[in-house]
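> Take the sequence shown: its letter number 45 is residue 45 in the numbering used here, and every next letter is one higher.
Keep in mind the hints are simulated off the structure, nothing from the lab.
Fair warning: there could be bad hints in the mix.
What the hints assert, rightly or not - List of simulated lysine-lysine pairs, DSS-like, C-alpha gap at most 25 angstroms:
#1 K115 <-> K38
#2 K42 <-> K70
#3 K19 <-> K38
#4 K83 <-> K38
#5 K146 <-> K19
#6 K42 <-> K83
#7 K146 <-> K70
Claimed, not checked - Here are the in silico distance ranges between beta carbons for each label pair:
#8 D59 <-> R141: 47 to 53 angstroms
#9 K42 <-> T124: 31 to 37 angstroms
#10 A60 <-> R141: 17 to 23 angstroms
Heads up, the beta-carbon is just placed ideally off N, CA and C, and yes, glycines get one too.
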Amino acid sequence: MDGALEDNAGKIFVGGLPKGCSQDALTNWATQFGPVSKVEVKCDPQGVPRGFGFVTFEDATIAQQVVANKDNNTMEGKWVDCKMAQAPGSAPPPAKGGGKGGKGGMSGIDPSNPKIFVGALPRTATQDTVTAFFGSFGAVRDVSLKMGDDGQCE
Numbered sequence: 001m002d003g004a005l006e007d008n009a010g011k012i013f014v015g016g017l018p019k020g021c022s023q024d025a026l027t028n029w030a031t032q033f034g035p036v037s038k039v040e041v042k043c044d045p046q047g048v049p050r051g052f053g054f055v056t057f058e059d060a061t062i063a064q065q066v067v068a069n070k071d072n073n074t075m076e077g078k079w080v081d082c083k084m085a086q087a088p089g090s091a092p093p094p095a096k097g098g099g100k101g102g103k104g105g106m107s108g109i110d111p112s113n114p115k116i117f118v119g120a121l122p123r124t125a126t127q128d129t130v131t132a133f134f135g136s137f138g139a140v141r142d143v144s145l146k147m148g149d150d151g152q153c154e
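Take these sequences, add in the hints, and give me the full structure.
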């Protein structure tokens, strides 16, 4: 097997980290599942955490268990999105057309349709909390959330 792929066998992406999440906080969260060989919290050029990172477990089966535990992965009361990491440059190219709007990139923005998609919301998100947050940027016409059988945001 390719050495680079082997090195990444236990590596997961962790998205939706709590605001200001530190390397130590992510390490402490990850070690509850098993031994960790590397933790990276990605930051912007000013050193501010960007809300995601990577954890490499010593045992790839632990990484797979964390990913399989998808709905129950929380940190500081916030749901975090865990997926197997992909080698840089190996992610599939974005779908042609830029999604449901059918027009890709910034040139495809349709001012008559101001709808946006927001991913990785906490499971505790409600129509009221999302409306209140985005209301600080302007009038919110509609909020549509996918809710699970338990009444929590998915």
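> All hints, please: hold or fail.
Cross-check of the supplied hints:
no., hint, result
1, K115 <-> K38, "violated (38 angstroms)"
2, K42 <-> K70, "holds (21 angstroms)"
3, K19 <-> K38, "holds (21 angstroms)"
4, K83 <-> K38, "holds (16 angstroms)"
5, K146 <-> K19, "holds (23 angstroms)"
6, K42 <-> K83, "holds (16 angstroms)"
7, K146 <-> K70, "holds (16 angstroms)"
8, D59 <-> R141: 47 to 53 angstroms, "holds (48 angstroms)"
9, K42 <-> T124: 31 to 37 angstroms, "violated (24 angstroms)"
10, A60 <-> R141: 17 to 23 angstroms, "violated (46 angstroms)"
The earlier numbered hints that this structure contradicts are 1, 9, 10.
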